[in-house]
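> One letter stands for each residue in the lines below.
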Amino acid sequence: MASVALTNLDPASRAAARGWSDLTIRNMFIIPTLVFLIVFNIFPLIYSLGYSFTNFAANRSEPWQFVGLQNYRELLSDDHIWSNFVITAKYVIVSVAGQMIVGFGLALLLNRSFPMKGLITTLLLLPMMMSAAVVGLFWQLLYSPSWGPINYVFGLGDFAWLSNPDSALYAVAITDIWMWSPFVMLLSLAGLSAVPQHLYEAAAIDRASWWYTFTRITLPLVSPILLIALIFRTMEAFKTFDIAYTMTTQPTAELIAIRLYKQAFQQWDTGKSCALAYIVLIMVLAITNLYVKYLNKVKER
Amino acid sequence: MRKIVTSVIAGIGLALACGTSVRAQDKELTIFWAEWDPANYLQELVNDYTAETGVKVTVQTTPWPDFQTKAFTEFNAHGDAYDMVVGDSQWLGAGSTQGHYVDLTDFFNQHKLGDVMAPATIKYYAEYPGGSGKYWAIPLEGDAIGWSYRKDWFEDPKEKEAFKAKYGYDLDIPKTYAQLRDIAEFFHRPDQKRYGVAIYTDNSYDAMAMGVESAIFSYGGDLGDYATYKVDGIINSKEAVAGLDMYKELYKFTPPGWGKTFFVEDNQAITGGLAAMSMNFFAFFPPLVNKATNPYADVTGFFANPAGPDGKRFAALGGQGISVVSYSKNKDEAMKFLEWFIKDETQKKWAELGGYTCSQAVLKSEAFQNATPYNKAFYDTMFMVKDFWATPEYAEVLDQLNQNIYPFVVGGKGTAQEALDKTAADWKATFTKYNRYK
Chain G
1 MASVALTNLD PASRAAARGW SDLTIRNMFI IPTLVFLIVF NIFPLIYSLG YSFTNFAANR
61 SEPWQFVGLQ NYRELLSDDH IWSNFVITAK YVIVSVAGQM IVGFGLALLL NRSFPMKGLI
121 TTLLLLPMMM SAAVVGLFWQ LLYSPSWGPI NYVFGLGDFA WLSNPDSALY AVAITDIWMW
181 SPFVMLLSLA GLSAVPQHLY EAAAIDRASW WYTFTRITLP LVSPILLIAL IFRTMEAFKT
241 FDIAYTMTTQ PTAELIAIRL YKQAFQQWDT GKSCALAYIV LIMVLAITNL YVKYLNKVKE
301 R
Chain R
302 MRKIVTSVIA GIGLALACGT SVRAQDKELT IFWAEWDPAN YLQELVNDYT AETGVKVTVQ
362 TTPWPDFQTK AFTEFNAHGD AYDMVVGDSQ WLGAGSTQGH YVDLTDFFNQ HKLGDVMAPA
422 TIKYYAEYPG GSGKYWAIPL EGDAIGWSYR KDWFEDPKEK EAFKAKYGYD LDIPKTYAQL
482 RDIAEFFHRP DQKRYGVAIY TDNSYDAMAM GVESAIFSYG GDLGDYATYK VDGIINSKEA
542 VAGLDMYKEL YKFTPPGWGK TFFVEDNQAI TGGLAAMSMN FFAFFPPLVN KATNPYADVT
602 GFFANPAGPD GKRFAALGGQ GISVVSYSKN KDEAMKFLEW FIKDETQKKW AELGGYTCSQ
662 AVLKSEAFQN ATPYNKAFYD TMFMVKDFWA TPEYAEVLDQ LNQNIYPFVV GGKGTAQEAL
722 DKTAADWKAT FTKYNRYK
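If you read the sequences in order, they're chains G and R. Sequential numbering from 1 applies to the first sequence in my numbering. Sequential numbering from 302 applies to the second sequence in my numbering.
If you are wondering where the hints come from, they were derived from the structure by calculation, not from laboratory data. Here a beta-carbon is modelled for each residue, glycine too, at the ideal position from N, C-alpha and C. Any given hint might turn out to be false.
Calculated lysine-lysine pairs in the DSSO-like style (CA-CA distance at most 30 Å, straight line) [to be verified]:
id: 1; chain 1: G; residue 1: Lys239; chain 2: R; residue 2: Lys714
id: 2; chain 1: G; residue 1: Lys90; chain 2: G; residue 2: Lys299
id: 3; chain 1: G; residue 1: Lys262; chain 2: R; residue 2: Lys734
Partial chain G-side listing against chain R, Cβ under 10 Å, derived [unchecked claim]:
id: 4; residue: Thr54
id: 5; residue: Arg60
id: 6; residue: Pro63
id: 7; residue: Gln65
id: 8; residue: Phe66
id: 9; residue: Leu69
id: 10; residue: Ser146
id: 11; residue: Pro149
id: 12; residue: Asp158
id: 13; residue: Asp166
id: 14; residue: Tyr245
id: 15; residue: Glu254
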């Protein structure tokens, strides 16, 4: 019986001292969590999958009809949606690559002892602790062509970062890099400090060059954790909404999440929005899966 | 122990019971509106109603970008959080056909509101479908696109002379879009950090559409036939194309980075001394005559939207009517409130507080027209307004327009004809999808 298998609670634990059994703990903690997860996560997920095959619109009282794959067909043949995906892909590549380079670079610089290291590390972490909407509004001011400090410092004159259709997306990506590089830096620092010091010492004895040490010792040992940072940031970048939404309304910077929001909550095209959400979900799952496969390979080495 | 628990529970129960009985005696009404000055004026106005009747009325607000989303989320859930809502004119279609609004036709006829309120406000804030004689809202806040300008720049003798020499006519308030364009070009001096004109370009809701449609209407174009849903040949007619071209032309003379601008930015263009002229809804003009919020308050003037080349003159309508939410539990109480609201004294007080009344009697009075520097322009405008589509699918139609005109106006991609041809095709597809062509 399942309950028999569950009774090996550590007799020294506080739960055991209170006379709780594994069964009590299961009933008190695990079941409510599961119920919560099912009600607020799994159930809507399945329900919205059902909606994605209908022409249901949340603002209409008319009965909805089952339309089969029509929503998916329409979405996948819609040029606007494809351009949104291309924009999102560009954004993900630029912003995640930027974050990996800046974040890992900062971690390499911080991975030694120097005065006030703790304070500097904490200060560098500040951007990622702010609300994305606040960061967006704040950078909108920084980019302002009339009084923004960025154009002043770089002597760019009237260059309108966010109103120029060619630069708007990259301006948002730069903001995202500023905000999330610290996250990559933090993970990389954890990875770097776990590299055994004796390996470096051995390399030094062999007079290995800096580059050789970096590519043969540092990178291979840090790469699993870097890949985890990469997975997190790719998933997040794919879903970016807040920063981009607050900063610009350029169609050339309309990420897929913004399109989805407009379709779902401004036009109330609920069925089609569910379908689009599923397409996005499948894409994120596919990309994440590729990474995870690669991660497992790296770990095996 | 058990006794204590029982008595505590009994105590809580008693407190709850008393609480609910007290609430039942206290009548309360909640009005939902967007967060802006007129909502504060309305709260001041309804405090009088509370004093008279003892019914507490609260005006609940939310920022503009969330207004539509929040209201419709509540409607769609059939929630009773709001008893009345001061909704945008475009919501009438969805509000009436989806059963969110209470039918006010009887109330309208009983109080002969057709003669009380300005005709345009009834047509666009209250009636749906157009010409059906069915009414869903009481016009509450009249509003339309108007312009503010720098009187000191316009009246400077040196500027006047230079302008006359360059364009061959006197520098004055523009009577046509062509003159508006010339003046914008004349004052556009980026090296002096002075710019010609501030217009709406935000495409996240209806800002840019309101600016563009004002130009299209004055150029003699239309968005479509609202009765038959015919759009091809109307929204992409040569008049409409000329209107959109003019809007694009004006964009050339805006301050730098003018790609996501709505009422806040357009007012800043004046308060920051950036632009010679600035487009805005009348409801946003009060801060411009206040010394505390506008250092140029003394030298800021106002004018109504100019005419097109054929003398046709229109402006995009803003403003809202107040509707009773059909899911409210206090509908009778809400109707009583509306009866009080349409009284002449109430409307007069509403105008004095800063609300834009739609009452003809108040609008026509000398006292109203001279109360502020912009009331006269407002009065002129309210008799020449036109509105956007009010069909239930207006949000989709609006988004399609935004997607097609924004890249042209701000991004400089393609031509006005291409943008509007694409709009006509998109709209036709949408109206076909909703079975509008029967």
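> Against each hint, give a clear statement of whether it holds in the structure.
Right, here's what the structure says about each hint:
1. At most 30 Å may separate the alpha-carbon atoms for a hinted pair to count; Lys239(G) and Lys714(R) meet this at roughly 28 Å.
2. The hinted pair formed by Lys90(G) and Lys299(G) meets the criterion: a straight-line CA distance of about 29 Å does not exceed 30 Å.
3. With a C-alpha separation of about 18 Å, the suggested pairing of Lys262(G) with Lys734(R) holds against the 30 Å cut-off.
4. Taking 10 Å as the C-beta cut-off, the interface hint given for Thr54(G) is violated, the closest approach to chain R being about 14 Å.
5. Restraint check, Arg60(G) versus chain R: the minimum CB separation of about 6 Å is within 10 Å; hint holds.
6. Hint on Pro63(G) is violated. Least Cβ distance to chain R is approximately 13 Å, over the 10 Å limit.
7. Interface restraint check: Gln65(G) against chain R, minimum CB-CB distance 13 Å, threshold 10 Å, status violated.
8. Because the beta carbon of Phe66(G) sits about 16 Å from the nearest beta carbon in chain R, more than 10 Å, this interface hint is broken.
9. This hint is violated: Leu69(G) has a C-beta 17 Å from the nearest C-beta of chain R, more than the 10 Å allowed.
10. Below 10 Å, beta-carbon pairs count as interface contacts, and Ser146(G) has one with chain R at about 6 Å; its hint therefore holds.
11. Taking 10 Å as the C-beta cut-off, the interface hint given for Pro149(G) is violated, the closest approach to chain R being about 14 Å.
12. Interface hint status for Asp158(G): upheld, as the beta-carbon distance to the closest one in chain R is roughly 4 Å, under 10 Å.
13. Interface hint status for Asp166(G): upheld, as the beta-carbon distance to the closest one in chain R is roughly 9 Å, under 10 Å.
14. The closest approach between the C-beta of Tyr245(G) and any C-beta of chain R is roughly 8 Å, which is under the 10 Å cut-off, so the hint is satisfied.
15. Proximity of Glu254(G) to chain R holds as hinted, the smallest CB-CB distance being about 9 Å (cut-off 10 Å).
Hint violations for this structure: numbers 4, 6, 7, 8, 9 and 11, all remaining hints satisfied.
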